[in-house]
Structure formats: C-alpha cells, structure tokens
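Enquirer: Join these two chains into a complex; the hints should help.
Here the protein sequences come in this chain order: A and U. Residues in the first sequence are numbered from 1 upward in steps of one, following the working numbering. Residues in the second sequence are numbered from 1 upward in steps of one, following the working numbering.
Errors might be hidden in some of the hints.
[As the list claims (entries may be wrong)] Taking beta-carbon pairs under 7 angstroms as the criterion, some of the chain A residues facing chain U (in silico): (1) Pro170; (2) Asn171; (3) Arg476; (4) Tyr488; (5) Asn571; (6) Asn575; (7) Asn580; (8) Leu602.
[Unchecked claim] Label-pair ranges, simulated between beta-carbon atoms: (9) Lys148(A) to Asp241(U): 51 to 61 angstroms; (10) Ile707(A) to Ile98(U): 34 to 44 angstroms; (11) Lys795(A) to Glu86(U): 51 to 61 angstroms.
[Claimed, not checked] Quick list of in silico lysine-lysine cross-link-like pairs, DSSO-like style, CA-CA up to 30 angstroms: (12) Lys38(U) to Lys78(U); (13) Lys195(U) to Lys510(A); (14) Lys735(A) to Lys790(A); (15) Lys253(A) to Lys148(A); (16) Lys195(U) to Lys532(A); (17) Lys19(U) to Lys78(U); (18) Lys795(A) to Lys624(A); (19) Lys581(A) to Lys341(U); (20) Lys420(A) to Lys185(U); (21) Lys351(A) to Lys292(U); (22) Lys24(A) to Lys276(U); (23) Lys302(U) to Lys420(A); (24) Lys195(U) to Lys359(A); (25) Lys581(A) to Lys195(U); (26) Lys456(A) to Lys303(U); (27) Lys26(U) to Lys47(U); (28) Lys359(A) to Lys150(U); (29) Lys276(U) to Lys700(A); (30) Lys447(A) to Lys303(U); (31) Lys303(U) to Lys150(U); (32) Lys633(A) to Lys195(U); (33) Lys105(U) to Lys624(A).
Hints are computed from structural coordinates only; laboratory data are not their basis. Using N, Cα and C, we set each Cβ at its ideal position, and we do this for glycine too.
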Amino acid sequence: MKVTYNWLKEMVDIDISPEELAEKLTSAGMEVEEIIYQNKHLHNVVVGRIIKIEKHPQADRLVVCRVDIGGGKVTQILTAATNVFEGAVVPVSLEGADLVNGVKIQKTVMRGVESCGMFCSGEELGIDENYYEGAGVNGILILPSNLKIGQPIEEALMLNDVVYDIGITPNRADCMSVIGIAREVCALLGKELKKINLNYDIDVYAKDTVRNYVNVDVQTENCYRYMAGAVTDVKIERSPLWLRARLNAVGIKPINTIVDITNYVLIEMGQPLHAFDQKNINGSHIIVRQAQDGETITALNHNEYTLTEENMVIADDNGPMVIAGVIGGTNSCITDSTQICVFESAVFDLKSIRITSRKLGVRTDSSARYEKGVNVANAELGLARALHLVTQLGCGKVTRGIIDICNKKNEAREVVGSIKLINEILGATVPTNEMVRILNNLGIQTKALGDKLVCKVPPYREDVENDYDLAEEIIRLYGYDVYDNINYNLFENASITEGHVHPRLNLERKFRNALVERGFYENISYTLVTGKINEMLLLPDDEFKIVRIANPISESISCMRTSMAHSLFQNVNYNLSVGNKDLRIFEFGKVFRAKSLPMTELPIEDNMLAIAVCEEGYDFFKLKGVVESLLNKTSLKYKLTRSTKPFLHLGVSADVLTENNEVVASFGEIHPTVAKNYDIPANVFYCEVNTQHLADLHEKTYVVKAISKYPIVERDIAIVVDEEITVEELLNSIKSACGTLFYECYLFDIYRHNSIGNNKKSLAFKIRLSDINKTLTDEEVSNVINKVLKSLSYKHGAVLR
Amino acid sequence: MLIEDLNKLKEDIGKEIDKVNYHIRKTLADIRVKVFGKSGSLTALSKGMRDLPNEEKPKVGALINEVRSFLEEKISNKEKAFEEQELVEKLEKEKIDITEPSNDKVGAPHPISAVLDKLTDICVSLGFSVVEGPEIETDYYNFEALNTPKNHPARDMQDTFFINENILVRSQTSAVQAREMEVRKPPFKIICPGKTYRNDSDSTHSPVFHQIEGLVVDENISMADLKTMLTILMKRLFGEDTTIRFRPSFFPFTEPSIEVDVSCPNCHGKGCQTCKGTGMLELLGAGIVNPKVLEISGIDSKKYRGFAFGLGLDRTAMILNSINNIRNFYRNDIRFLNQMK
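Just chain U, with the same shape it has in the complex (with noise of 0.2 angstroms):
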C-alpha cells in the first residue's frame, strides 16, 4: 500500500505546487516543510520502508527517491520562477526617466575650421603639402613677387591694409605661394589657408576672412590639369552631382586667368535665391601661373609650369550652411555657434 500512497503523494503534492501562483509564492516554503519536513508527509512514508520486506526495499526506496526529487525540483523550478519575475519587478520600480538631459556637455567647431579641415583632408589625400605664411607680410611677397610692382593698377582690385609703405597685413594668401616659390624645388603641390584682411565690410565682406590658396608647379602642367582637380575638389566638398565652370578672368599673377562657378548645391543647379537665381555660384580664382612670377622665384619657367587656385573659406562656409551674413562667423553667438553640433 506504501507504493499506492507514495504515488498519491506525487500527485496530490504535485497538483498542489502547479496551483501556486506569484501572489501566493511564500506557500512553497509551507508545501516544503509539509512534504520534506521533520514530521512531513513523505517523511513519515518513508519511516514505513521500515515495516516492508527486504526484497521490496530496493523497488519502494527508488519509488521515494523519484518522489522525492521530482517535487523538490518542481517547486526549486518555480521558486526560481518566481524570484526571476520578483527581480523584473524590482528593477521596474527602479525605472528612471529617460528623457532626463545628461549633464556631459558637447561644444562645437566653428564652421570655417570646419570647412578648413574637409578641405585640408581633400588637398593632402591628392598630394598637397599644408604650409603657412606670416599674416603681416611684405609688400614684395604680397604683391611685387606676384607680378603686381608699386602702382600698378592691379593693387586697385584689393583694398589693402597697410602698416608702412614696405608692410602690410596680408590682402590674399597668395602671399605665402611667393614664399613657398623661393625655397621649393619643383615638382609640389602645397596649399595655403589662413587668415586675409582687406578694407572692406559689409554683409558679404569682412576686413578679416579666410582664404585658401592651392599651387602646383611641375612639368607639363595644363588648363586640363586645373579643371580635373577642382572638379574632384568641388564634388568632394558639395556632393558628386557638382559640376563647375571656367569664366576668363584677371590676375597679375595667373595667365590665363579665369573664375570657377560651382553649380548651386543648394538648387543643384536649377536657380534658387543662394544663387540668384542663376543656378552658379562664383567661387573660386584660378589660372595658370604667369611665367613672370615663376621667374620672379627663381623658378625656370621654360621647364615648369603651375596652376594657381584661391578661395574664400568663408564664402565656401557661408554657401555650405546656408549663413547668409558673413558677421555671424566673427561674432561668436553661441546660439549661432551650437547649430554646428
């Protein structure tokens, strides 16, 4: 009869454990000492193993063993059930609210070092070499050694700041190309970006802006040569769709001399109030550099040749991110400043 109860043991116990629920989870405790306990039910059967002849020991003893282990873990199982769910609610009353700001701050670059950077990053992966000049400068390097002596008309094009009649402060970072000329050996590519001050101001113009100026000189060089690199240039810096344009020009120190267009990249082209409606936007000075100036340097301008490109970084800035007065950029406004995040 002892088999007979054991197995109604299993059962009944077992019926009991499967009817625990969450809410009434500390009756496995009781269910646990009711069984397994001193005086408790599978306890007390298996004092009866006593009683039963030795050949059905064996067969009984594995019956209360079975028993015995399978409701220990049915209620070990739920327990652990139960704590896992005890452990989601926990945490869930732990929640926060998400949409509370973090107290790490993140400032921003101001746009024209931004523009500078990508354009730098452009120039050195195609062979540039980055090189700076003084911003106050020598009227021979910004202008004589550039093919534009005392008195020349070309002087007229730039509103020149001066210190004395023999030094100035920079109007074109040109400047720095007639430096670089003197000391390098053909063939380089260098690049120059750096602060230009021209006396002028309005909401286009600012007596200090940036420009950037790119020079090439090496053999065999060619109008081609300028075209293809500044449309790489271009399209790297507004997009694949950009497209550019050659206009003739004059510069002192180029000849032939031209202006580039860049289509719009606002209206791709199609015409829109950046550009005027014309769908172009005037953008950069370029040409091929004037053989007097190569002279000039010391360099021979029957074996060389260069291309010459300048661009204002803050014109390149303000087309970029839409900023429609170049005043923004020197004002430093924070909330001007915080939209470059």
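Excised from the complex, chain A in its bound form (with noise of 0.2 angstroms):
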C-alpha cells in the first residue's frame, strides 16, 4: 500500500520529518518496506525563460539559448530540441542535476561554446503526458507561461512528496487506505484526525433527484450495501495538478475527473467506487445479482470474461455492466461524452470477490480491497467523499437524494478485557492508565474499572475481539523494547519438560557421520520434479503412482518424487556436467506414492536414505561394504537376495530382507537404459535404504560372549566349485561343520582359470577355530577341516584343489 507523507498531513498534524514518521510505523506493524522521494532525480532542475536563440556558430543542428533562471541569473544552454522558442518557460536542468534517465549535468563545452545545463524533456523528469500536458511530446516539455521562473520545478510541477510503500498485514484491511494509515499515525503521535471534509452542493433548482436517473434492484446476499449518487452536467477533462499529483505519487494514472476521483477516494477512504455512464445504464435500471452461467462480459482490460453463478454482477436490464468489485465493462465506462455519472459506492462478501477474483486471474485495486473485507460504513464515507470532490473540482452537478441499500448492520462493538490476563499474555506490566491512553489513541474508546478493560471497539476494528488483540493493540504501541533488559529466567512460570529426539533424525545422524567419514557429501534436493520421472527410472506407474501438482510453476517441478534415484542421478549429472568426478552423494528424504488416483486421502510417504557413486575402480562390493557398515549400527538381522528394482543392473544388484522378507534396502549397478536417459555413465552404483523401516527397529543392543584364554588356530583351504555356487552358501556350510570349535571364516581369494573347468571357480578360505577350554591339537584341527571338505563335497560337490 502506497501513501505520500503530504496525503497523511492532511489528516494528521504530523509534527516529524517523513524519515521518523516511517519509522514509527515500522515499530507499530505497519513495516514501511521503501520510502520513495519523489524529488530524488530532480535536484538543481529550475523553471527557466529562453530570453534568446541564436545559432551555433559552428554546428549547424545546435542553437545557443540564454536562458532567464530567476534571481537575476541567466545561463547559457545549448540545445538540438527544434521545439523550443523565444519566450519559451522550460525545466532546466542545472550543473550537480542527476535525472531519472541517469544523466548528470555537467557545464560542457561543444564545438567552442560553453552550455552550462540541459532542457528536460517530460520523460527526462520521469512523468508522461496523463500527468502533465505536453510531457509527452518529443522534444523539450514547454511549461505554462505563468510559472514563476527560478522555481524549483520539484514545486512548479508538485513532484515533492516522500512516499511510503507500507506492507499491510492481513488482519488490517482497514489500513488498505491512507485514512486507515492516518489513524495508526494520530495513535502514535497522540493526535487527533483531522476533520474530512464530505460536504457539498446539491443542484438545489433541479426537480430530478437521483432516482430519475438510476433505481437499484439487490438481489444477491453477498451484496451488504449498495449506495449510488447521481452527478449531471458532467465536466470530463484533466483533473487538476494536485490530484493527479497524488494519483501519480502512489502510481495511479490518472485519467480525467471522474475516473481520477473515484480512485483518489479508493486509495483516501479505501473504499472502491466505479462511475457509470448513465445513458449506457439500460432501462436505468442496477441490478446487483449472481451471473448466469455462461454470461459474458467485456471487461475495461479489454478480455472477455465467460461468467458462472460464482461471480456476483453489477447488470442492467441488457445484461453485465461490471464484474461486482472486481473489474468493469465496457459498455457503460466513462467516457469524453459522459454528460450523466452515476456513482456506486458498495459493500460486497470478501469471500465472493476472493473467490471471482482468483477464478477470473483479475486483481485490481478495487479486488484487492473487497477480499480483504471492506466496512459497512465505509461506503457512506466514500460516496460523500467522491461528491465533495465533485463540488471542490466544479465537474459536475450532485443531484438530490442518494440510494442507500443496506443488508448488513455494522456498529460498534463492546470488547471487555482482563487487566491482569493482558499482563500475564505480556509477561511484562504496562500501567493502566497507559493501557487506557493507548486504545483511546487508536480509537478504541476504554473506560478501566477494576479488572476489567470496557472497550467500544469501531467498526472498521473487525479484528479486535479479545483480551489477546487488545494485548497486542496495547504492547505493539507501548513499544517491544519492554523486553529489551526483561529480568526473567527461562520457563520461570512454566513445567519442565523431558526433550526427546527423533529416533530416524536420530539414525540419519549416525548415518550421515558414518558416511562423511566414507568421504561422501550430503546432497538435498526438490522433491518436486518432472512428471516423467516415472519413464526414466523405468518405474511402473500403476504401483508408484505420481503425486501431481495442480498449480506448478514449471513442468520440470511439477510432481512429488517417487523415487530417490532421480534426485541423485540428476545430481551426478549436474556435477560431472560442471567438471567435478570421483562423485560420492547420499541424500535423506522422502519419496511419495499416491493410494489412489485422483487422490481422496493423503498419500504414502516413505522417508529414504540414497546413496550415489560415480568412481573410477568402484564396484558392486565395495558399496555393499557401505550398506552392510550402515545395516550394523542397527538391531536389523537380514539376508540379501537379487534385486528386483528396475533400475538396477538385473545381474549386479541386491535386496536387503528382513526376516518377514520385507524389502528395506537395495543397492548396485544402475540400469544402462536409466544411466542413458539421465546422460550419466553406466558404472554409477546407487543403493535406497529405508530409514523409518530401520528407525522402527529396537535400537541395537550387545550380548557380549567370553571370549578363549587359548590362541586361535587357522587353517587355509581351496576348493573348486559351479559357479552357481555362492559364497554365502558355502560359509554356512563351513560353519556348521566346524561346530563349536568355529571362531570365523572368509573368503580371501577367487580363481577363475579353463585349467579349473569352464563355469568354475576356485575359492580360497581362511577358517579359525578357537576353543574354549584349550588349545587345539593338530589333529583335532584336521579332523574339523576333514569334516569340511567332506561337507563341502557333500553338498555342494567342491573340489579340494
């Protein structure tokens, strides 16, 4: 919301300079995000008279002009503008000028002869021709005659006010005006409005009153009020300087007089008005009502707008005139011809003009009023305002009688607050009487008797209602900066309670130590992605069914992830696209499966660690050595089987089961058809874990065994078998042959050679066994590894080689 320091003056005695002013407001709520001089660019810019011209004596597109700049100082300026004459009044722009357009004037000299300023154009002063006649024009601005010369042109063209763009929280609609602004600042200063001037002149010798030119039918309940005025004798032209002056200041153009009053009363009073063309009003005839599905309207932005029974109307006997509160039409808008206005001033449902407004994609200055909601009374201000600026510009006649529909009461309100409960909310004590002084200020009028706050709250203070508003009208005037030196102890009046961390933040921790230690970074990505994310991970749709955005900003954005793999592949596609290699990543996160399509309840969330490895020399192996050191720091006991994730290599991929063969991580090699649809090599290693899954488990606990006094005693063995054969198979057979005497066993060695056979391989194991009660005779020793070799024959036909 913009306001000029000039405007609020008008209304409040303000005693400060606009820099004060501001910051007052900033420590109120009403947070002045930029204070605009208007006067910024227009420094040492005078009102001038060229005296005379002459030609330049050695160019022939110059002139020279001796130039009248007031106080008995004439200059000399040399210009190419063709449209300047003797006798002309122009701004001058003088050495240390510094304009809009970023020129700074310096005394030059051109083709030996000294110009010690320039001419301006409009553009060069920052206003077009709806501002100021003739700033449009190309060439030089060429003033009235009758300015006085000398005069700074900030005064001569009012292009002096300080303006304020003040951030209005939600709860203030009543702020949404330069009134509502002024009665924050007369509470601050502790002054009081000014009286606002809504007098004026009835055309007293007509016989018409406003009824013969317009009646008014409401037929819709979010209509609260409907007030409407009619002006003859209409005058459209230029309004004068000082209006526009304020229209431009807070960024309105103005137009002519009827339309610039009815946004000067927009912004003033906050109270939206829309002018009609009274001959264009068929049959004279306001019908306030819901539109007809599929009516049409020709909106003054010049789109068609196809209407439903959601959107409220302004019509006529023909049909839609204006979308209610929002935008009008074209067929009854004010135009050089008007000769009969009709004013409306109404109250409209904020939820309905919330709700056309976005459906429509119209916001106006009007729309952005109503949905905040606008006071019953405001519209009575409103329409007097707009009649006295008739009266004050002699651009019309006011003729008898105002319409006034009104469906909705709004008076004043009686809140009664808690003294002590306002001081136990503020954990800090503001005397009563302060308290008192404070809501008087703000127009509040409170009486304190005992306890007890008794609080005529107005009409336009709709978000005042409890003691806990009136705590903060009270603490955000008295100032916050009672708690600056506040003496008191942390939770001094409250109950200690116990701090629990998160059991999965909790894990994710021990993992994410775990793997900055193995040299991997942390990534974090959108959840949001592309919809195609499902096709390039060759996921099936029907299992990981997408969540989708209804109002994304882009399609690459658009849905929620169901899968973690294209975070981290999209990762290493960005790092090795920016020349980083040996690329470790993992990310924590969730990933989002729709229940059913379209959605009816809330979908699944699984919340996931992914790992990621581009490296040159890594293997399948050495990330299972992650996993497994991962799965460890939890009570998980799981077997791995192949995965079956389809982006993974079918060959060199794992699942990891828990006991009820539930799926909780799986790791390997990347699919060649999903490293090439995210233009990533084809060795990229990606494991998932589920990390609620692990998080769910009970944390791990220790049983520790004795352990025997006696050394241990290790035996190597090789042996040949099919391929088939795993690994894992045949250490458990290993181990339950070896008894109790077994301590461990692993793999140290593998062989593949066609000396061994075609579809074998050789395994060399290291077995250590370790008895409890004593050391281990040799023969003992080769009785065990007997019973292995004969086992492992036995069951898997191996071979001692």
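Expert: Okay, here's the thing in structure tokens:
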C-alpha cells in the first residue's frame, strides 16, 4: 500500500520528519518497506525562460540559448531540440542535476561554445502526458508561461512528496487506505484525526432526484450495501494538478475528473467506487445479482470473461455491466461524451470477491480491498467524499438524494478485557493508564473499571475481539522494547519437560556421520520433479502413482518424487557437467506414492536414504561394504537376494530383506537404459535404504560372549565349485561343519581359469578355529578340516584344489 | 712387571678405543680380536699369571679381570652408540614426503542439515521434543486448524501448491503443530523441522525450502518466555553477543504476533552488506498461540497458553555460512558442498 507524507499530513498534524514517521510506523507493525523521494532526481532542476536563441557558429544542428533561471541569473544552454522558441518556459537542469535516466549534468563546451545545463523533456523528469500536458511530446517540455521563473521544478510540477510503500498485514484491511494509516499515525503521535471534508453542494434548482436517473435492485446476499448518487452536467477533463499529483505519487495513472475521483477515494478512504455513464445503463436499472452461467462481459482490460453463478455482477436490463467489486465493463464506462454519471459505492462479501478474482485471474485495486473486507459504514464516507470532490473540482452538479440499500449492520462492539490477563499474556506490566491511553488513541473508546477494560471497538476494527487482541494493540504501541532488558529466567513459570530426540532423525545422524567419514557429500534436492520420473527410472505407474501439483511453476517441478534415484542421478549428471569427478553423494528425504488417483486421501510418504557413487574403480562390493557398515548400526537381521528394482542392473544388484522378507534396502549398479536416460555413465552405483523401517527397530543392544584364553588356530583351504554356488552357501556349510570350534571364516581369494574348468571357480577360505577350554591339537584341527571338506563336497560338489 | 704391563695395556687400548669414530667403527672388532683373541695381548698377559708366586696371583687376577671388563665395556658402549647412529641413518634414508596426500576421503554434511542438527541439539537441551508430520497435508491442518479458513485473506501471505481442493503440499511446518496439539496433553514443548513448499522462486526464495517450528503449551506462558527462549536459541546459534528485537506483525495462528530481528552475526550490529546496513536481520516469526487455535485443537484456552515460533533453515544457513544464493543448496555442486568440511 502506497501513501504519501503530504496526504497523511492533510489528515494529521505531523510534527516529525518523514524518516522518523517511517520508523514509528514500522515499530507499530505498519512496516515501511520503502521510502521513495519523488524529488530524488529533480535536484538542481528549475523553471527557466528562454530569452534569446542564436545559431551555433560551428554546428548546424545546435542552437545557443540565453536562459533566465530566476534571481537575476541568466545562463547559456545549447540544445538540439527543435520545439524551443524565444519566450518559452522550460525545465532547466543545471550543473549537479542527476536525472532519472542516469544523466548527470555538468558544464560542457560543444564546438567551442559553453553550455551550462540542459532543457528537459517530460521523460527526463520521469513524467508522462497523463500527468502533465506536453510531457509526452518528442522534445522539450514546454511549461505554462505563468510559472514562476527560478522555482524548483519539483514544486512547480508538484513532484515533492515522500511516498511510503507499507506492507499491510491481512488483519488490517482498514489500513488499505490513507485514512486507515492516518489513524495509526494519530495513535502513534497522540493526535486527533482532522475532520475530513464530506460536504457537497446539491443542485437545488433541478427537480430531478437520483431516482430519475437510476433505480437499484439488490438480488444477492453477497452485496451487503449498495449506495448510488448521480451527477449531471459532468465535465470530463484533466483533473487539477494537485489531484493528479496525489494519484501519480501512489502509482495510479490520472485519466479524467470522474475516473480520478473514484481512484482518489479508493486510495484515500479505502472505498472502491465505480462510475457509470448513465445513458448506458439500460432501463436506468441497476441490478446486483449473481451471474448466470455463460454470461459474458468485456472488461476494461479488454479481455472477455465468461461468468458463472459464483461471480457477482452489476447488471442493467441488458446484462452485466461490471464484475462486482473486481473490474468494470467497457459498455458502461465513463467516456469523453459522458454527461450524467452514476457513482456506485458498495460493500460486498469478501469471500465472493476473492473467489471471483482468483477464478478469473483478475486483481485490481478494488478487488484487493474488497477481498480483505471493506467495512459497511465505509460506503457512506466514500460516496460523500466523491461528491465533495465533484463540488470541489466543479466537474458536475450533484443530484438530490442518495440510494442506499443496506442488508448488514455494522456497529461499534463492546469488548471487555482483563488487565491482569493482558499483563500475564505480555509477561510485562503495562500501567493501566497507559493501556487506556493507547486504546483511546487507536479510536477504541476505553474505560478501566477495576480489573476490567471496557472497550467500544469501532466497526473498522473487526480484528479486535478479545484479551489477546487488546494485548497486541497495547504492546505494539507501548513498545516491544520493554523486553530489551527484561529480567526473566527461561520458563520461570512453566513446567519442566523432557526433551526427546526423534529416533529416525537420530539414526539419520549416525548414518550421515558414517557416510561423511567415508568421503560422501550430503545432498538435498527438490522433492518436486518432472512428471517423466517413472518413465526415466523404468518404474511402473500403477505401483508408483504420481502425486501431481495442480498449480506448478513449471513441468520440471510439477510432481512429487516417487524415487530418490531421480534426484541423485540428476545430481551426478549436474556435477559431471561442471567438471566434478569421483562423486560420492547421499541424500535423506521422502518419496511419495498416491494410494489412488485422483487422490482422495493423503499419499504414502516413505523416508529414505539414497547413496550414489560415480568413481573410477568402484564396484558392487565396495558399495556393499558401505551398506553393511550402515546396517550394522541397527539391530536388523537381514539377508540379501537379487534385486528386482527396475532401475538397477538385474545381475549386479541386491535387495536387503528382513526376517519377514520385507525389502529395507536395495543397491547395485544402475541399469544401462536408466544411465542413458539421465545421461550419466553406466558404472554409477546406487543404494537406497528405508530409514523409517530401520528406525522402527529396537535400538541395537549387545550381549558379549566369553572369549577363549587359548590362541586361535587357522587353516587355509582352496576348493573348486560351480559358478552357481554362492559364497554365502559355502560359508554357512563351513560354519556348521566346524561346530563349536568355529571362530570365523572368510574368503580371501577367487580364481577363475580354463585349467580348472568352464563355469567353475576356485575359492580360497581362511578358517579360524578356537576352543574355549584348551589349545587345539593338530589332530583335532585336521579332523575339523576334513569334516569341512567332506561337507563341502557332499553339499556343493566342491573339490579340493 | 706384569702389573705395569697390564696397566699400560689398559691405558693404551683405552686410548685406541677412544680414537675410533663412526667412520672407522669396524676397527672395534679388530681391537677386540687384538686384545681378547687367542693370541690377543690380554690373553698373552693372562698366561703370565702362571709364573707368578701364589700370593700375588689374586691381586694380579683381579687386575686382569678389571682390565678385561673395563675394555669390554668400553668397546660395547661404543658399539651400542654406533648401532644407534646406524639405525638413525637407516630410518633417515627411509624418509617419505609427508606432504603426499592420504587416500582417505572425507565428505561433508549439507549446510542445511548442519544447521538443523545444531538447532535440534539446543532445543532438546531446553526440553523440546522433535516431531515430524507429512509433507503432503490436508487443507485442514495446514490452514483451517490454524485459524485460516478457506478464502481468508491471510491465505495470500503464502503462495500454496495445491494437489486438489482439500490436499496440498504444506506451505508451513506449522501444520505439524496443529496435528500435535490434537494428540498431546499440555504441558509440552515440541519442535517440528522439515521441508515446506511455496510457489515462489528467486535468489532468496526456493519452491522447496526448510522450516523449523517451535511450540510450547503450558499454564502461564507469556511473551517474556518467548523472549528469553529465543534469546538463548539465537545466542547459541550465532554467538554470545547476539541480541534480538521484537516487531509487531501478523499471523493468523498467533496473537500477539511478532517478527523477530536478530543482530547481524557478520557485523555484530554495526551494519554491513549481509544486513543491508541495518545491523539487524529479520529471521523469525513468532507469537502467543491464538486461543482460537488452542480451542480448535481441543485445548482449554482458559487454562493453557502457548507460544510458537518458526524460522527458515535455508535463510539461517545462508546467514551462518555467508551464502548469497538459495539455489546453491539444491544444485548440490561438490564445489559448494566441500566447503562445509
């Protein structure tokens, strides 16, 4: 919301600087986001008169002008402009001026003749034809000859205001206006709001009343109040400079008297108005109703809208003239030929306007106010102020009578607060007389009776309802700096509670630390991904039902990811593309699957850890080591099977199964097609782990067994078996054959060669035995090894090598 | 005369041993043979014992032993010293270039997790429990239960991604608050970290970002508790000299509502580029829980009060690590991440 310092000053006696006022507003919750000085680029620009024009002796296209710049000073300026003449009054920028287009004025010499400044065009002063006549011409702005020579241009053109851009919070619809902010200023400075002139002259000679020009029929509950007034003998012309200056300052383009008045009242009083050309109101009949499905209207933005019953319209006997509260139509708007004008000042249901504005995609200054809530009482002020301006500008005659159809009351409410409770909420003591003073300054008439604050809340403060609201009003004006030096212990009056860490976040932290130690970098990616994710990862759509955003920013971030793999493969691709190599990355995050489509309930969200490696010489078993080291931090009892994950290489991948055969993790080399889809190398290794599943397991506990006092004895064996036989099967057999003497056994070599046969491999195991009671003898060891070999031969056809 | 010979031997050989330096250390072995060998000088003198009268034998015998052990010790001391020196030389020869790199690689956590871990630890130590909620949420928990009915103007404060009319991608972790308040009995203190989503994208806004929400519900909670709690939190995060400042604001689920500014950790409040010269950074939204919100969740607002706060983890991590573009967090460029080692 933009307001100006001078506009506020018209309503309140402000005796502090614009900067001090901005600071006070911000501290009270009216955050001044920007202060714009209109004259920022107008210093050293003055009104001058060209006395004499002579040809430049050396340059055909330049003329030399003698210019009166006031105070008895005459200066010399060269120009190439062709619309200047002797006697012309023009804006003159002098040495030191810093114009809006970046030009900095200095004395220069052009072809031997000195120039001490520059004449300005409208554009160079930051104004256009709408604002000032002549500002749009291609050439120098020729000013009216009655301007005072030497006067600073910011004064002559009324460009000397200070504009505040204020962030208005949604609870303060009343502050979407100059008057609303002026009320805050009053409270801040302890001043009274000046009386706003709402008087206007009625055309007492005319017999007609407003009803001769318009009759109003309100047919929808969404219209709380509809007021109308009529103005005859309308003069559609340029508004006076002071009015244009106000609108220009807050960023509204001046158009003509009537339209400018509606905009002025919108900004000043927060009351949106609409002006109709009476001759285009068919049957002189205004009907406020819901649109019929399929009705159309061409709006002032030149778009045609097809309406539904959700949209409210202001119609005549022919059809919609205005989309109520949002935007007018072209068929009834004010034109240069308008003679009789009807002003509408109405209040509509905020939800109705909000829905229409959203669905049609039209936001206007009017809808912005209506959808936050305009007060029913405001319509009256708005209409009176508009008619006052008509009188003041002399741009028409106000007809006797006002139409006022009001379906909703809005009166001051009584709110009773407790002084004790307010101080308890604040945790600070505000003296009662200060509470009363602050609330009264805000226009909330307040009396203290014992512990009670009896408050009469004006209609425009619908947000003030209870002790908490009163507490906020009081503290924001009393000042939050009371807390700056507060002497208070943490939770002094509160209970002691036990802080719990989250089991899954705790596990993630363990995993994170472990992975970081192993050279992995943690990633965090968008969970929003392209709708092509399943296709790229070869995932079936019926199993991985995609959750889609209805209003995405772009296709590439329009869906919730169904797999972590997408994120990590994209990150591998990105890193390779910028020249990073030897990538070890991981990410914690969620994947999403809808239970049914279209969605009727919340989707399944799984918490995952994903790991990817793209590194020369990396292999399945290195990744397996990483996975095992992570799983060993949990109490999971698991086994491996070949993985069925479609995005993994079906021969070089594994699933980690729980005792109940649930998959908690998968890992392996990626599928070559997927590698192609992501434009990454085929030897990328990937792993994903369901962290929630692991976090749900009981925390790992340890039962330490007794260890033998006697030394371990070891033997190596090498056997030849078929390729199909897995190491795990052999290890299991060795273990059971060793019985109680088993300590550990591991594979230390694999050998494949023609000499040992096709489809065969030679495996070398180290078997380590130990007895709890004694040192094992050679004979005992040999017996065990023989037993092992027999078992391997019998179960797996193993042959000693 | 034997005694004199022995003393002379002791003296001469002693001097000879003294003269042996590291370079001619092998001559020690020669000396050993020359003195103690079969035809060595001491051996020869010892043989002279036989010709001595019996009464002199013990005295001379003692002298022989003394000379023997004196010289042997002298030689072996010298040998030991030389061996030690030899070992030093050998080790010196085995020296490596200690500036060659280790093959062990170390990675790094993401800056956002690093900040979250830090905040979580502080909050847990202050009695808060960590809870989570779904990222895809119902309109009810994200808005309605937080005193923001459909078509309420406050919905414009954030640009929400919708799945359909009733399901959305949560725009604030406050949604978890609403869920927790339904199931928990006061008093409780919780924090809810997680991903949040808004239809917004520029150098300081990301459509996917992270928030942490704090909520305390108890009897007698006040703005003063909020102030002391947040002061501790910010001091432990940014340093002991950190100060905070409250400014009035609006959130539908708190009343009074405030924005919390934190003194700029970069310039300590003097004014710099990070804080745009103001010395303060806008970091948190907070306030006293609106009694309407407590009632919606079934908590007696006559008995209990609460405070809530929320802060953006991305922004916090940006401030802590001097990161100026939020997009860096989600590109996951190793050149960015490896600065967090």
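Enquirer: Does each hint fit the structure? Answer for all of them.
Expert: These are the hints, each one checked on the structure:
no., hint, in the structure
1, Pro170, "holds (4 angstroms)"
2, Asn171, "holds (5 angstroms)"
3, Arg476, "holds (4 angstroms)"
4, Tyr488, "holds (5 angstroms)"
5, Asn571, "holds (5 angstroms)"
6, Asn575, "holds (6 angstroms)"
7, Asn580, "holds (4 angstroms)"
8, Leu602, "holds (6 angstroms)"
9, Lys148(A) to Asp241(U): 51 to 61 angstroms, "holds (56 angstroms)"
10, Ile707(A) to Ile98(U): 34 to 44 angstroms, "holds (38 angstroms)"
11, Lys795(A) to Glu86(U): 51 to 61 angstroms, "holds (58 angstroms)"
12, Lys38(U) to Lys78(U), "holds (23 angstroms)"
13, Lys195(U) to Lys510(A), "holds (21 angstroms)"
14, Lys735(A) to Lys790(A), "holds (13 angstroms)"
15, Lys253(A) to Lys148(A), "holds (27 angstroms)"
16, Lys195(U) to Lys532(A), "holds (22 angstroms)"
17, Lys19(U) to Lys78(U), "holds (11 angstroms)"
18, Lys795(A) to Lys624(A), "holds (27 angstroms)"
19, Lys581(A) to Lys341(U), "holds (17 angstroms)"
20, Lys420(A) to Lys185(U), "holds (26 angstroms)"
21, Lys351(A) to Lys292(U), "holds (21 angstroms)"
22, Lys24(A) to Lys276(U), "holds (20 angstroms)"
23, Lys302(U) to Lys420(A), "holds (13 angstroms)"
24, Lys195(U) to Lys359(A), "holds (29 angstroms)"
25, Lys581(A) to Lys195(U), "holds (29 angstroms)"
26, Lys456(A) to Lys303(U), "holds (27 angstroms)"
27, Lys26(U) to Lys47(U), "holds (28 angstroms)"
28, Lys359(A) to Lys150(U), "holds (14 angstroms)"
29, Lys276(U) to Lys700(A), "violated (50 angstroms)"
30, Lys447(A) to Lys303(U), "holds (26 angstroms)"
31, Lys303(U) to Lys150(U), "holds (29 angstroms)"
32, Lys633(A) to Lys195(U), "holds (26 angstroms)"
33, Lys105(U) to Lys624(A), "holds (18 angstroms)"
The structure fails hint 29 only (numbered hints given earlier).
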